[in-house]
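Let's have the full structure, built from the sequences with the hints guiding it.
Which chain is which? The protein sequence lines are A, B and C, in order.
Counting from 1, one number per residue, gives the positions in the first sequence under this note's numbering.
Counting from 1, one number per residue, gives the positions in the second sequence under this note's numbering.
Counting from 1, one number per residue, gives the positions in the third sequence under this note's numbering.
Check each hint, because a few of them may be wrong.
[Said to hold, decoys possible] Straight-line alpha carbon distances no greater than 25 Å define the calculated DSS-like cross-link-like pairs of lysine-lysine that follow:
| hint | chain 1 | residue 1 | chain 2 | residue 2 |
| --- | --- | --- | --- | --- |
| 1 | C | K436 | C | K343 |
| 2 | C | K390 | C | K343 |
| 3 | C | K436 | C | K250 |
| 4 | C | K436 | C | K390 |
| 5 | C | K320 | A | K219 |
| 6 | A | K219 | C | K343 |
[Said to hold, decoys possible] Computed from the model, here is a short list of chain C residues facing chain B with C-beta under 7 Å:
| hint | residue |
| --- | --- |
| 7 | V69 |
| 8 | P92 |
| 9 | G403 |
Calculated from the structure, these hints are not laboratory results.
Computed from a predicted model, the values in this text were never measured in an experiment.
No residue lacks a Cβ here, since even glycine has one placed at the ideal position from N, Cα and C.
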Amino acid sequence: MVTTSRAWLSLHRWLRGLNQEQRSVVIAYLMIVAIVGLGSLIMPQFASPNYLLLQLMKASFLGAVAAGQMMVILTGNIDLSVSWTLNLAAVMVTSIAQGQNERLWLGVLAGLAVGLIVGLLNGLGVAYLRIPSLVLTLGMDAVVKGVTVLYTGAQPKGESPELLNLIVHHKVWGGLPSVVLVWTAISLFCFIVLHRSALGRKIYAVGNNEICAYLSGVKSHRVLISAFVLSGLMNAIAGILLVGYAGRSFNGMGEPYLLPSIAAVVIGGTNILGGSGLYMGTVAGAIIITLLESTLSIMQISQAGRNIIYGLVILGMLFLYGRGSQIRE
Amino acid sequence: MTTLSIADGAQWLRRFFRRNFKVGIAYVALLALLGVYAGLQPRLFTKPVITATANQGMALVLASMGQTAVVLTAGIDLSVGPIVSLSNTLASTLFPDSVPGVIGVVVLVLLVGALAGLINGLIVVYGRLQPIIVTLATASIYSGFALMLRPRPGGYVPLWYGDLLTRRVFDLIPTSLVLLAFVLIFIWAPFRRSRLGLAVYAVGSDERAAYMSGLNVNRAKVAAYVMAGFLAALAGLFLTAQTSSGDATIGAVYTLQSIGAVVLGGTSLFGGSGGVAGTIAGAFVIRIISSVLFFAGINPLSQPLFEGLVLLIAISLGAARTFTLRNRLETMR
Amino acid sequence: MQPLVEARDITKRYDGVVALDQASFRCQPGSIHALVGENGAGKSTLVKILSGVVIPDAGTINVRGRPVVIDSPIVATRLGIGAVFQELSLMPDLTVAENIFITNPPRTHLGLVDRKALYRRAKQFLAELGFQDVDPDALIGELPLAQRQLVEIAKALSRDPQVLILDEGTSALTMQEVHTVFEIMERLRAQNRSVIFISHRMDEVEEIADTITIFRDGRNVASFPAGTVGREEMVQMMIGRKLEQVFPPKRALPAHEVPLLVIEDLSWGDTLRNISFRLGEGEILGLGGLEGQGQRELLLALFGVLRNVRGRIYVNGEEKQITSPAAAASAGIRLALIPEDRKTEGLILPMPVKDNITLATLHQYARFGLMMHHQERAAVDRVIEQLRIKVPSPSVTVRSLSGGNQQKVVIAKWLLTQAQIYLLYDLTRGIDVGTKHEIYQLMRALADEGAGILFFSTDLSELVGLCDRVLVLYEGRISAELSGEALSEENLVATALGMKANGREESPVRRMA
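If you want it as structure tokens, here you go:
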């Protein structure tokens with residue numbers, strides 16, 4: 001008893017020494033431990049390496065989307081065109097590759113091109129036309145959906161090339177799904193961009209105070225465009241991976257990723273208004289959401305109950321991270 | 001006594017046009033759309049088609065009016081759609097056959113909607129959290145309740161209830177338009193014209209200044225969310241009359257469409273300026289496009305693309321202002 | 001006599017910076033009480049505490065002898081305290097009438113806002129105050145600053161306050177408008193109410209105030225009836241020492257003509273009109289004039305922020321098109337701008353000192369886009385030491401620094417770019433005397449190393465003491481160029497009012513040092 005309370009005390013003291021960004025990330029990872037603990041109470045094999053790796057695999061798709069979403073949110077914007085960008089990229093893979101392995105690279109390239117173009121258009125609209133990203137990306141999502149529906153004729157044709165399925169379902173080093181490796185690579189890339197590169201510094205600067213950044217010679221338009229392009233590319237990558245995971249593409253496949261991507265970023269401690277947040281938090285956010293989903297389904301809680309708990313968890317985490325400032329000084 | 005000179009009148013007119021420019025664009029767009037519609041569908045000006053067209057837009061109009069209240073405070077409500085669903089599933093679950101029973105359920109549903117809005121408002125204000133993320137979370141919660149009430153579509157809605165709301169009063173005016181007039185006169189106007197309504201605009205215009213002026217900023221914000229919840233519930237009740245059944249996912253499209261309608265209607269996402277007059281036009285534009293495209297004989301597969309393009313172009317029109325600013329810093333505020 | 005309002009031992013800190021340090025203040029009914037002091041002396045903080053916008057950390061407030069807790073502006077209004085805020089408390093999307101009666105609009109018998117009565121009453125009220133030029137139906141966002149100030153005053157008066165506080169409430173008004181406001185203040189005094197008046201213009205203070213209280217470094221240092229203490233002495237109390245020569249010696253040689261920057265016929269809308277001048281190597285060129293005569297726009301235009309700027313800009317003899325700050329700071333041009341508002345334009349408050357300092361020179365420490373943290377850190381340490389910036393560590397947020405150290409961070413950012421031309425906007429405003437000293441020395445040192453400095457200041461003594469020449473702007477034009485003997489405070493004031501330029505007596509008086 002004494003030791004636990006002392007452990008709590010020292011944990012508490014350590015947490016207080018961190019800044020808010022770091023504290024949020026630590027809390028998020030503690031949350032993961034808590035969910036795994038809870039899960040293994042219900043289902044003993046929950047904490048087994050195999051099961052957790054499966055969870056990581058499921059989290060990878062969301063993780064990729066959330067990584068892109070985070071770039072955009074950090075600049076003080078939001079990307080609501082996630083769903084159909086992902087979808088159109090996926091559709092491109094199946095329709096261009098037509099199930100043939102030798103055409104896979106063409107499909108992947110086309111998918112990435114979709115992400116690049118949508119991201120570029122979003123970025124140009126926000127940076128130069130100054131359309132609020134909330135409505136611009138909303139409109140863009142509708143247009144991309146229109147393009148997808150028109151292109152596919154209601155339901156996409158073509159299948160995933162066998163090679164892509166193999167890659168996605170392949171396990172390396174005796175059990176590690178290759179998708180998790182892809183996510184790790186994406187994470188490494190995003191971590192370096194955000195925390196070790198000049199672009200990352202500029203993203204935080206623009207998100208906190210675009211005017212000051214601009215007056216300091218930062219080409220803020222380019223920074224905004226870069227963030228949206230990265231988001232578009234991440235959505236495309238998620239779409240391509242999902243094709244391999246499901247073996248096909250279908251209309252509506254991106255919709256379950258939009259709101260969770262925002263939630264993952266925010267649960268990871270990133271300020272929804274931009275300018276602050278650590279990349280490792282977003283990784284934790286994607287894992288939390290995936291684990292929560294699985295735990296609740298193991299507990300045989302209905303979709304209804306899951307939605308409710310899901311909402312409560314987001315609110316609860318935000319309260320834990322500390323609230324915004326009051327108007328008065 | 002002051003006399004209204006011609007110069008005064010001219011100035012008043014100029015000012016009127018400048019201040020209502022964006023609303024004007026929304027109505028011009030709506031009229032143009034209706035003009036095309038009338039050209040394509042000669043029966044447009046017959047009672048059944050008018051009624052159908054009005055009904056088609058009504059639920060979105062109501063939901064978007066609520067969204068307007070929140071956007072005016074510089075907030076956003078992503079739970080509008082789930083509240084529409086919640087209202088629809090609750091009504092279809094509880095509806096009895098009797099008239100008093102139905103009235104009781106309607107009142108209850110409206111109260112639940114207002115309560116949902118109240119919860120949003122209280123968390124935003126006292127939790128000091130961002131509206132977008134608070135309502136994202138409550139949206140999940142409310143949609144959970146809707147699913148709990150009705151895991152599968154179904155439920156019971158008295159036939160007369162559907163007929164009453166979706167037909168015409170004295171076989172002349174669509175009931176939906178009468179309902180809209182009722183809402184405007186007895187709910188929106190008193191809200192807008194009250195001190196609370198003034199405070200909503202003030203808070204959206206400059207929250208800090210509103211606070212320093214001694215306004216109750218918190219009360220104004222909470223009121224806006226309550227209004228949004230209430231009107232979303234009303235939208236759900238109308239939708240229930242249209243579909244005669246309950247479906248927990250029916251409201252999903254209303255969240256984003258209501259934001260689209262508000263923006264098309266000329267209300268600033270930064271709060272403080274705009275109003276429901278534009279929103280009503282915006283909502284009808286969004287709802288009528290698909291019918292127009294249908295009658296234009298456009299390939300049904302390309303319909304969503306055209307809908308999206310119209311929405312995107314309309315949103316981009318608001319960007320025209322950016323090019324009139326000669327100080328680049330002003331575009332960044 | 002019992003004071004109407006009394007504040008005792010008020011202390012307020014912001015992020016470790018002390019704004020008020022056990023300050024006390026009392027004002028009697030039937031009096032006009034002026035608060036004077038340097039920027040950052042704590043006057044505005046006291047006003048905000050009395051009006052419920054800011055909650056003090058310690059201290060007590062009495063109104064008519066009764067202790068009160070003013071924890072919101074609503075409470076202040078109820079206690080009869082009305083304030084005209086320096087930054088204004090107006091809602092730009094609302095009309096003048098709505099703003100004036102925002103908390104107590106006339107209502108119909110249904111309890112709704114009676115719009116007709118609202119506009120009628122606003123028109124009548126504005127006329128009673130002598131502000132009949134203000135249109136009650138105009139949106140605040142459409143009005144010029146002077147009219148907004150009048151509305152802010154009308155708004156405070158509409159609540160029928162027992163105590164009216166004017167915090168720089170007349171800074172944008174013309175002489176005539178100022179006198180209208182003075183008449184209102186005198187009427188309030190006659191009604192046995194009180195007015196707390198803050199102004200930078202000593203003439204106004206001496207003209208209207210009964211009592212003067214001087215603030216320095218967050219404390220009240222003296223209170224006395226107006227007219228009993230001379231102006232010299234008051235200034236000494238405000239700055240806490242004898243006036244002395246604080247400026248480094250000017251350059252001995254006259255500007256040897258190596259122009260760094262030549263401007264020809266620069267115009268921008270109605271704000272800048274045919275501005276031509278040259279800035280030599282090693283020169284500190286002052287920009288004078290009342291605030292708001294185009295100085296800010298001139299600096300922004302040179303720095304590539306404004307669109308549709310006409311005219312020609314030559315740097316080192318070559319014509320340049322400067323279309324963005326990035327271009328202005330680029331290798332061939334090497335301009336630096338220290339902007340007007342430190343907190344919103346000069347700094348990113350929530351980010352670390354280090355990140356702020358290197359924001360303009362990121363490319364120097366990046367290889368293939370990746371930050372070389374050691375090199376960055378070395379540069380930061382070097383410049384922190386050079387400018388003697390007081391920070392516990394370069395990774396603390398800029399927000400936690402004092403005003404003077406914050407401004408040093410902005411300077412550090414541009415020092416690292418090795419700029420050849422510095423555009424400075426009132427960079428000593430709200431900064432303690434010691435830091436000012438250091439900044440003056442630094443500016444002269446930069447000039448001696450060959451940089452050219454274009455320097456706008458609202459502090460006339462700075463212009464006189466520091467600059468080799470001063471260009472005075474009036475209504476967007478250069479109305480005078482002063483140097484040598486002619487560079488005196490008297491001439492600066494005269495030309496700032498456009499007197500020599502066009503001989504007009506009555507002209508808008510805006511904030512002077």
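Status of the hints after comparison with the structure:
no.: 1; hint: K436(C) - K343(C); in the structure: 18 Å, holds
no.: 2; hint: K390(C) - K343(C); in the structure: 18 Å, holds
no.: 3; hint: K436(C) - K250(C); in the structure: 16 Å, holds
no.: 4; hint: K436(C) - K390(C); in the structure: 15 Å, holds
no.: 5; hint: K320(C) - K219(A); in the structure: 19 Å, holds
no.: 6; hint: K219(A) - K343(C); in the structure: 20 Å, holds
no.: 7; hint: V69; in the structure: 16 Å, violated
no.: 8; hint: P92; in the structure: 6 Å, holds
no.: 9; hint: G403; in the structure: 21 Å, violated
Consistency note: the structure conflicts with the earlier hints numbered 7, 9.
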